[in-house]
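Mind docking chain B on chain A? Use the hints.
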Amino acid sequence: MAEADGGKFIGKPILRKEDQRLLTGKGQFVADLKLPGMLHAAFVRSQVAHARIKSVDLSRARQAPGVVYAIAGPELAQMLPPVPDTQLSLPRKWTARVQHRFQNPQQPLLSHDKVRHVGEAVAVVLAETRYQAEDAAELVEVDLEPLPAVVDPIAGLAPDSAVLHEHYGTNLIGDFVVEKGDVEKALAAAPRRLKRRFHHHRYAAIPMECRGVVASHDPRTDSMTIWSACQVVHWLKREASTVLALPEARIRCLALDVGGGFGVKGHVYPEDLLIPFLAREVGRPVKWIEDRFEHFVSACHSRDQIHDVEAGFDDDGRLIAFRDEFYVDCGAWNPIGSGIAYNTAVHLPGPYKFDHFSVRANVVATNKVANAPYRGAGRPEATFAMERVMDLIAAEVGLDPAEVRMRNMIPQSEMPYPLGIPYRDGEMIVYDSGAYPESLRKALDAIGGLSAFREKQRAAREKGRYLGLGLCCYTEGTGVGPFESATVRIDPTGKVYVAGGSCPQGQGMETIFSQIVADVWKVEPQDVVMSLADTSGIAMGFGTIASRSTVTLSAAIHQASEPLRRKVFTIAANMLECAAGDLELRNGAVGVVGVPGNEVSLAAVAKAARPGWDSARPPGMAAGLEETAYYEPPTVTWAYATHAALVEVDPELGCVAIDKYVVVHDCGVVINPMLVDGQIHGGTAQGLGGALLEEMSYDADGQILVGSFMDYLLPGASDMPHLDLVHMHHPSPLNPLGVKGVGEGSAIAPPAAIANAVCDALAPFKLEFNETPIKPERVVRAIWGAQR
Amino acid sequence: MTKLVDVCLTVNGRDYRGQCEPRTLLADFLRDHLDLTGTHVGCEHGVCGACTVLFNGEAARSCLMLAVQADGASITTIEGLAQDGKLHPVQKAFHENHALQCGFCTPGMLAATIDFLNTNASPSEDEVREALSAVLCRCTGYQNIVKAVLAAASQMRPRQDVGGAVNG
Chain A
0 MAEADGGKFI GKPILRKEDQ RLLTGKGQFV ADLKLPGMLH AAFVRSQVAH
50 ARIKSVDLSR ARQAPGVVYA IAGPELAQML PPVPDTQLSL PRKWTARVQH
100 RFQNPQQPLL SHDKVRHVGE AVAVVLAETR YQAEDAAELV EVDLEPLPAV
150 VDPIAGLAPD SAVLHEHYGT NLIGDFVVEK GDVEKALAAA PRRLKRRFHH
200 HRYAAIPMEC RGVVASHDPR TDSMTIWSAC QVVHWLKREA STVLALPEAR
250 IRCLALDVGG GFGVKGHVYP EDLLIPFLAR EVGRPVKWIE DRFEHFVSAC
300 HSRDQIHDVE AGFDDDGRLI AFRDEFYVDC GAWNPIGSGI AYNTAVHLPG
350 PYKFDHFSVR ANVVATNKVA NAPYRGAGRP EATFAMERVM DLIAAEVGLD
400 PAEVRMRNMI PQSEMPYPLG IPYRDGEMIV YDSGAYPESL RKALDAIGGL
450 SAFREKQRAA REKGRYLGLG LCCYTEGTGV GPFESATVRI DPTGKVYVAG
500 GSCPQGQGME TIFSQIVADV WKVEPQDVVM SLADTSGIAM GFGTIASRST
550 VTLSAAIHQA SEPLRRKVFT IAANMLECAA GDLELRNGAV GVVGVPGNEV
600 SLAAVAKAAR PGWDSARPPG MAAGLEETAY YEPPTVTWAY ATHAALVEVD
650 PELGCVAIDK YVVVHDCGVV INPMLVDGQI HGGTAQGLGG ALLEEMSYDA
700 DGQILVGSFM DYLLPGASDM PHLDLVHMHH PSPLNPLGVK GVGEGSAIAP
750 PAAIANAVCD ALAPFKLEFN ETPIKPERVV RAIWGAQR
Chain B
0 MTKLVDVCLT VNGRDYRGQC EPRTLLADFL RDHLDLTGTH VGCEHGVCGA
50 CTVLFNGEAA RSCLMLAVQA DGASITTIEG LAQDGKLHPV QKAFHENHAL
100 QCGFCTPGML AATIDFLNTN ASPSEDEVRE ALSAVLCRCT GYQNIVKAVL
150 AAASQMRPRQ DVGGAVNG
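Top to bottom, those sequences are chains A and B. The opening residue of the first sequence carries number 0 in numbering that gives the first Met the number 0; numbering runs sequentially from there. The opening residue of the second sequence carries number 0 in numbering that gives the first Met the number 0; numbering runs sequentially from there.
Okay, chain A solo, but in the shape it has when bound (with noise of 0.2 angstroms):
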């Protein structure tokens, strides 16, 4: 922990290493990825969402202009049969301790029997260029047998519903419980009670640069290499190694600059795997770029949860015991198994401190694109779902909002806080470090006061103006398991290189992780080489998901820089002549504590340790100054934040306008405070589309309605507020640095912020918003409604 304390670029807002090339248009990103003798993939995608494959024929494309390849899902399904499960496994502590049943629908590559959604690919065009392998994609005649729909994840799970996985013989494909206390026995003696229905609507992580992938075979080594636009190498690594029977050995997965993740890209793909399958069998690289209509139709969705919620609390506003049954409208695949609903589940209490707690979960799968993690993970729609019931509860025993989640909050006091039900890493969870109350305390006093804003708000009523307070506290767990991997070694020229299993997608990793190598061997960040997104750099990594990096990468990187270090030391010793425990690192070398100018540079170390008739270490020692290390957290560590919206409500148009938006956070041991800044922005304004502008929805036929940017919105510059930010910074107890995660965080609360805070703009009309989005048509509607 000491190097945290007095670094010298931990904690400095360094300006990023990634800008110069990105800023001149050097950057590389798979769509500018060009090889000798490359073919483009065009895919032939479902226009319906559930239907029976009767057949499909390629003849025309393949006679088409440039067409080298085509092929469809039932020929494949010859040439290539599934794969065994290669999906995350659920840890063994978690499968002790959670009640639970997850079926495990493997999606082929191709479709062969039944399509299960509009954009699910069934047939795909090799051709010379694109628009070539487009034009012969436009020729493959694909005849259906229609099957209903399934579209309402409750109406999927009754008996007499179409089923999309037949071989279960249900919808359901996933649930499980979660419980403490006795809720049933608490729901019965509280004093009083709230029953209602929240849905958290079905959006995504739209990143400005779609999914891609370009492979290349070498018959010579009979070796693959696969760039994908993902934030997952190593686990694309794995999943290729199964499907082209080769060793991991032979396969290199690189994700090169990527534009944006968000979660989409954070696991594999069908297209991943078949496009490296197809390039091996015509014998040249092939490349697919997704074009934004296809990652409407087939890169994932998330969020689209309605939960049940039951409520006990007392006259005082104190809730005593909370129970909810919630449905994932899962889409055709669940790519990620049990981790948005477990997220769902265990994020439900957030800051707050009650005794009875009860979840179930049902994951349903419908004909509709499969639901995946997407910043926030599962945690918005439970914060979404607590956070409006502290508003309801407020308004209930007529108190403030504020006031009633003070009065519920953990108190400082009491951390860490065991919450008493197990993490998805099997840990049972504990509250390490916070100040839950304080960051309401100051979103109150970054608003301008709470009975300033009253204030305002009645004076404002009074003129038929109708502002309100949006308030909404989470927890978040970071940094998860199971581990992050890191290689350091010292340069023969002392630069010294990392080698990590992160991949970044713009947080400016180069950056951060730079400033922590340059601080722990006291040299220059421009001194540090970082090899990151590639699986030839290091063999094991896990990835970037999870707002887990920044923790589990600059641990890794701690845990293999402390033996590197002493072998460093001991080297030098023998070089200068001294013992070990004399030495320092400073300034690129190794020297004396207290003895200015009597040092080693750490390239003369590096040469040192050169194997060979020149080394210079000492006798019995291993040569090579290089070290890797794989660190497993003993489990994740807790973000929070308060955010606070004012907003102003038109009563005719329907209008939201945010006239003032404050984010309290607390991510611990702050890198670099500008990059930390830009996350917080960047999730904010996701949030805040997902909870005023966008929306993937479907017909009752499962047909999406959504294929463009003319009909899903994106937030642009005008659309958005200034924000507040606030910092706190209780340090992680758990990691060597003190970081918690800031990834996903401010994506968690602007939905269930703005909720609130239309529902408090609106309660002369007596409306509640218990649905995401708030468009001005809904809101002009339930106005309407409160009128008649």
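In case anyone wonders, no lab produced these hints; they're calculated from the structure. Be aware that a few hints might be false.
Stated by the list, open to error - The following label-pair restraints were derived from C-beta to C-beta distances:
(1) A:Arg780 with B:Ser73: 45 to 55 angstroms
(2) A:Arg196 with B:Arg156: 48 to 58 angstroms
(3) A:Pro80 with B:Asp5: 20 to 30 angstroms
(4) A:Ala76 with B:Asp5: 42 to 52 angstroms
(5) A:Val779 with B:Ser121: 31 to 41 angstroms
(6) B:Asp34 with A:Thr94: 28 to 38 angstroms
(7) B:Met155 with A:Pro633: 44 to 54 angstroms
(8) B:Asn119 with A:Pro672: 24 to 34 angstroms
Computed from a predicted structure; not experimentally measured. Think of the CB as a built atom: it goes at the ideal place given N, C-alpha and C, for glycine as much as any other residue.
Below, chain B without anything else, positioned relative to chain A:
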């Protein structure tokens, strides 16, 4: 096979002569024929703005234009903004204000900003936000982009006391 057409244009001060199908989009021509992959394609339907370039000095979506329409035009892409290894003031302001994360929308943001500041040298924050709504960014929430544009404007503003024409 469709007959190919000739396209002659100037990109980043260099003259190019090429042949392409009439349907080839300008964005694809720049990226695939001229290997100028700094221009990004994010939606191919003219909403996201990542493909924005300076077309005879004005911001234009290169995904909504055919390469043949650019015949005879002068185009500046992100590759042509820095001069003699020195960043354009807008590029510099983006770096100093952390106005990019993944960098995918950045080529469009830079082109839109340069065009905007050519027409409005002293914009308000609201005007900047309005102008930037031509390009979507998913990473930054726009806050630091707005800050960078305002910083670039103040850097680039012709000094009033020098006299001569001042862009209004």
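Against the structure, the hints:
Checked against the hint of 45 to 55 angstroms, the pair Arg780 of chain A and Ser73 of chain B passes, with Cβ atoms roughly 51 angstroms apart. At roughly 55 angstroms, the beta-carbon separation of Arg196 of chain A and Arg156 of chain B lies within the given 48 to 58 angstroms, and the hint holds. Range check, Pro80 of chain A to Asp5 of chain B: about 51 angstroms between beta-carbon atoms, so the 20 to 30 angstroms window is missed. Between Ala76 of chain A and Asp5 of chain B the C-beta distance comes to about 47 angstroms, which sits within the given range of 42 to 52 angstroms.
Between Val779 of chain A and Ser121 of chain B, the C-beta spacing of about 38 angstroms keeps the proposed range 31 to 41 angstroms intact. Between Asp34 of chain B and Thr94 of chain A the beta carbon distance is about 52 angstroms. The supplied range of 28 to 38 angstroms is therefore violated. Checked against the hint of 44 to 54 angstroms, the C-beta distance between Met155 of chain B and Pro633 of chain A comes to roughly 52 angstroms, which is consistent with it. With their beta carbons about 31 angstroms apart, Asn119 of chain B and Pro672 of chain A fall inside the hinted range of 24 to 34 angstroms.
In summary, the numbered hints that this structure violates are 3 and 6.
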